[in-house]
Amino acid sequence: MNIYTARIILLVFTFLFAGSGFAIAAGSPPQRIVSLAPVITEMLYSLGLGDQVVGVTSACDRPAEAARKTRIGSMPNPSLEAVLALKPDIVVMSREGNPKKAAERLQALGKKIYVFQPADLAGLPAAIREMGQALGAASKADEMAREMENAMQEAVSAASANQSAARKTLFIIWPKPLIVAGSGTIIDQAMELNGMSNMAAKAKGSYPRYSAETIIRQQPELIIIGAAHDEAMGRQVQSLLQQLKMLEAVKKGQVCYLGDGLYRPGARVVEGLKELKKCGETY
Amino acid sequence: MNAKKQHTALRAGLLVFGSSLIILLCLISGQQLLNPFTLDQETLNTLLALRLPRVIVAFLMGGALGASGAVLQGIFRSPLADPYILGISSGAALLVASGLLFGINLFSLTIPALSFAGAVATGGLVVLLGRGWHGLQPERLLLAGIGVGFFLSATLMLLMTIASNDGLKQAFLWMSGDLSMVDFGAVPFGLFFILIGLALAFYHHKGLNALTLGDEVAYSLGFNPVSERLWLFMAASLMTAAAVSMGGVVGFIGLVVPHIVRRHIGSDAKTVLPLSVVSGGTLLCLADTLGRTVAAPLELPSGVVAAFIGAPYFIFLLQRKQNR
Amino acid sequence: MICAADCKKVPLLEFQNLDYPVAERDFFQQLNFSITVGGLIGLMGSNGAGKTTLLKLAAGLLQPKRGRVLLGNKDISSYSGRKRAQYLAYLPQLLDMNAPFRVAELVSMGSYFSQGQQHFSITEAIEIVGLSGKADAFLSDLSGGERRRAYIAMTLLQGGKLLLLDEPLANLDLKYQLELLRLLKQICRDKQISVIISFHDIALASRMDRLMMLKNGKLVADGKPEKLMNNDIIREVFGLADEDIPSLFSGFIKVC
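Protein chains in written order, with the numbering used here: chain L, 354 to 636; chain X, 920 to 1243; chain G, 24 to 279.
Only chain L is shown next, with the shape it has when bound in the complex (with noise of 0.2 Å):
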């Protein structure tokens, strides 16, 4: 299926989740609040909403003061008596990452659920004003989708004001296997904004596998890597550039390093967004 099919389908979800999400948690601001996702994790603390939040998945670290909450299993397979024995008022799913037949469940099992599920690095920002507003922080949400909506605009203008034409750049999110951002992703919609073109945009799947050979074929003006998490890693990345050392954009030293806040539509879009403005910039 082409990507105008993909958009639609994924617009109906919207409508039928965002709507339902909506309807669903009119009323008093929830309470009790558990989190299914760690992107959902960050954000609720981000709206201020942290002391509501009584149950995380194992994977939600950030910030830290969420690794002390009560653990409901893992996002992929989070534990329905887990959630249940927190008595929430309102439960916050993705719709990337969770099952969908725990919201199902949970709502047969009458329990409110608010799926997050905005469709594009565009919609972001009315995705997180929409939650704001079921969570009752809707000035908060305001807020936060404003920042958002000025980083985007800076990047267009600036992209704009810079009259070559776009750069042919590739993001690497993992060296080893190779892994880079395709389209349907947040990281390639902010790359467009920012007056890049995504070399990997072509290839099938949001994250498609490369191998050396097809950087070195496809040569890139700009790389960006996304940052290393550890040592093995950082040696990795390390190793990857010396595979790819003959080519112009390395030699020139073109390439940036860039951390994780485009990598999910949630808080830190906005630093992934300045952080990738500034790559353009500087190389």
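These are computed hints drawn from the structure, not numbers from a lab.
This structure is a prediction, so every number in the text was calculated from the model and none was measured.
Just so it is clear, CB atoms sit at the ideal spot from N, CA and C, and this is done for glycine as well.
Please note that a few of the clues may not be correct.
[Stated by the list, open to error] Straight-line C-alpha distance at most 25 Å; calculated SDA-like pairs for lysine to any residue: (1) G:K208 - G:T59; (2) L:K440 - X:A968; (3) X:K1189 - G:H142; (4) G:K238 - G:D224; (5) X:K923 - G:S131; (6) L:K454 - X:L967; (7) L:K529 - L:K454; (8) L:K464 - X:I947; (9) X:K924 - G:G156.
[To be verified] Some chain G residues judged to face chain X by a derived CB distance under 10 Å, without partners named: (10) S101; (11) S103; (12) Q109; (13) L111; (14) Y113; (15) P115; (16) A122; (17) A127; (18) M132; (19) Y135; (20) F136; (21) S137; (22) I151; (23) A158; (24) Y174.
[Said to hold, decoys possible] These stretches of chain X come out as covered by chain L in the derived footprint (C-beta under 8 Å, 3 or more residues): (25) 939-951; (26) 1094-1104.
Since the structure of chain L is provided, determine the placement of chains X and G on it from the hints.
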């Protein structure tokens, strides 16, 4: 000899009684003990609503897999046969993963229906390929199943490599036998086909016994070995497909439960079939319960836990058999 | 099934003008013989003579290209599995050693299609074959000869009048061969069951009630052993050299 029959009946009775106790235990256990005296009505209802479907589905799945394994071990005269020996699980997994990865699911019955269709289609394909000049021959069937199974698995791997990340984790989870989100939705569908499969298998239990002696002796006893094998294979396929449609691919049970039953009760299909159902169902229930209780809120896949419980016991039985 | 008055006239088993190809050339050609009630019939011949094939044709495991196999004057193909099992039983040379059944369980399988019509109880059948103490033993714990006798007990439960055994004496010690032959003859006598066995040990030929000698698909001799055990026939059937033959009649085979 009457004493022997009584002995067997006693053992069977003990097994059924013990199983009922274990199943009750399964219902009660969990992160919170289901104590009707101390818990409030709402919590009680919630826990029951969550646990009852799991226990029932686990029992049905385990039972179907146990019976299916018993039938296939008889047809192939091999102690190593298990319900997935003919690539049935690969076909089911492929179709389900396709559905999950391409977002085809719009109704809640899609996954069970897809996996059932995949399993049955694979079974049918393997039967077609396994027909020799004399109809269904075990060796050809086995080879066809292995070949088809590998091919489908490879296709599945390819699919997962080129498709996006979204459905990947869920597909993996489903394929490893995940009972955490089951509800009663898929039960009527699965139960229907399990009952048909069981009825078929039981109707042909004499043929199953006879096939164990070899085709020629089975023929001499009055059976048509080819048609018996076909019916029994269909029965096993239906039961396996139904089990897979309810909760994914749970290994180990179909392989080991028939052995355990035969070791304690004897090899007559008339007793092995129903007791494999009971034992298999109980084992999976137990495994699922342990999986969700031992490391709560983490959920250990039931197939893995079943292997952890059952494998040592199985090895113990093997040792005892050698020393006999 | 007590022998009715006319059963001596109706052959138990009959081959009529039977043709059967093996490896694309005609093997059995116009094979004709019939067996009426009674006795231990020995099918003799060297390997490849067609003993197993003949038994399988008689059992219906193989189908003739031309000609007919008749059971009691009815074509064998008209028998349903059930009816045929009630009429005759066939045991191959290689019996499964690992069948996980006890003797009693195995024997009871003979009654699968003969419910209500069987003439022996399981205990009786086990007793007849001399395995009385071992009803609960596992087949895998028995010796080869005992195992075969358990299977024979199973066939008894089928209630048939004809028993076809392929090389039942193979791999048995002489003592047990004689024991088995004695058992088979007893079954023939006491229960009016006809037993056809294939074998190729000449020393035992005299114990048969009737000998059928095969060579390359041809029935070269058919009759009582006393009449058939002469030099010419033996030379032809077994392809022996002259100097080996005289020593056969004493029951020993001397190797110079």
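Outcome of the hint check:
For the proposed pair K208 of chain G and T59 of chain G, the alpha carbon gap of about 16 Å is at most 25 Å, so the pair holds. For the suggested pair K440 of chain L and A968 of chain X, the alpha carbons sit about 15 Å apart, so the restraint of at most 25 Å is met. Proposed proximity of K1189 of chain X and H142 of chain G is supported: the alpha carbons are some 24 Å apart, at most 25 Å. At most 25 Å may separate the alpha-carbon atoms for a hinted pair to count; K238 of chain G and D224 of chain G meet this at roughly 15 Å.
This hinted pair checks out: K923 of chain X and S131 of chain G have alpha carbons roughly 14 Å apart, not beyond 25 Å. Under the criterion of a C-alpha separation no larger than 25 Å, the hint pairing K454 of chain L with L967 of chain X is consistent with the structure, at around 18 Å. Restraint check for K529 of chain L and K454 of chain L: not satisfied, since their Cα atoms lie roughly 32 Å apart, outside the 25 Å limit. With a C-alpha separation of about 23 Å, the suggested pairing of K464 of chain L with I947 of chain X holds against the 25 Å cut-off.
With a C-alpha separation of about 17 Å, the suggested pair K924 of chain X and G156 of chain G falls inside the 25 Å cut-off, and the hint holds. This hint is violated: S101 of chain G has a C-beta 15 Å from the nearest C-beta of chain X, more than the 10 Å allowed. Hint on S103 of chain G holds. Least Cβ distance to chain X is approximately 8 Å, under the 10 Å limit. The interface hint given for Q109 of chain G holds, since its Cβ lies 8 Å from the closest Cβ of chain X, which is under the 10 Å cut-off.
The beta carbon of L111 of chain G comes within 8 Å of a beta carbon in chain X, closer than 10 Å, and the hint placing it at the interface holds. At its closest, the beta carbon of Y113 of chain G sits 4 Å from a beta carbon of chain X; the interface hint therefore holds under the 10 Å criterion. Taking 10 Å as the C-beta contact cut-off toward chain X, the hint placing P115 of chain G at the interface holds, the least distance being around 5 Å. Hint status for A122 of chain G: holds, given a least beta-carbon distance of 5 Å to chain X, under 10 Å.
Annotation: interface hint on A127 of chain G holds; nearest CB of chain X at approximately 6 Å, less than 10 Å. Residue-level restraint check for M132 of chain G holds (minimum Cβ-Cβ distance to chain X is 6 Å; threshold 10 Å). Using the Cβ-Cβ criterion of 10 Å, the hint placing Y135 of chain G at the interface with chain X is satisfied: the shortest such distance is roughly 5 Å. Given the 10 Å rule on beta carbons, the hint for F136 of chain G holds: about 4 Å separates it from the nearest Cβ of chain X.
For S137 of chain G, the suggested interface contact is upheld, since its CB lies about 8 Å from the closest CB of chain X, less than 10 Å. Hint status for I151 of chain G: violated, given a least beta-carbon distance of 16 Å to chain X, over 10 Å. Look at A158 of chain G: its Cβ gets to within about 6 Å of chain X, closer than 10 Å, so that hint holds up. Evaluation of the Y174 of chain G hint against chain X yields a held restraint, the C-beta minimum of about 7 Å falling below 10 Å.
Here's how the segment 939-951 of chain X fares: 3 of its residues keep a CB closer than 8 Å to some CB of chain L, so the rule of at least three is met and the hint holds. Residues of the segment 1094-1104 of chain X lying with their CB closer than 8 Å to a CB of chain L number 4, which satisfies the three-residue condition for coverage.
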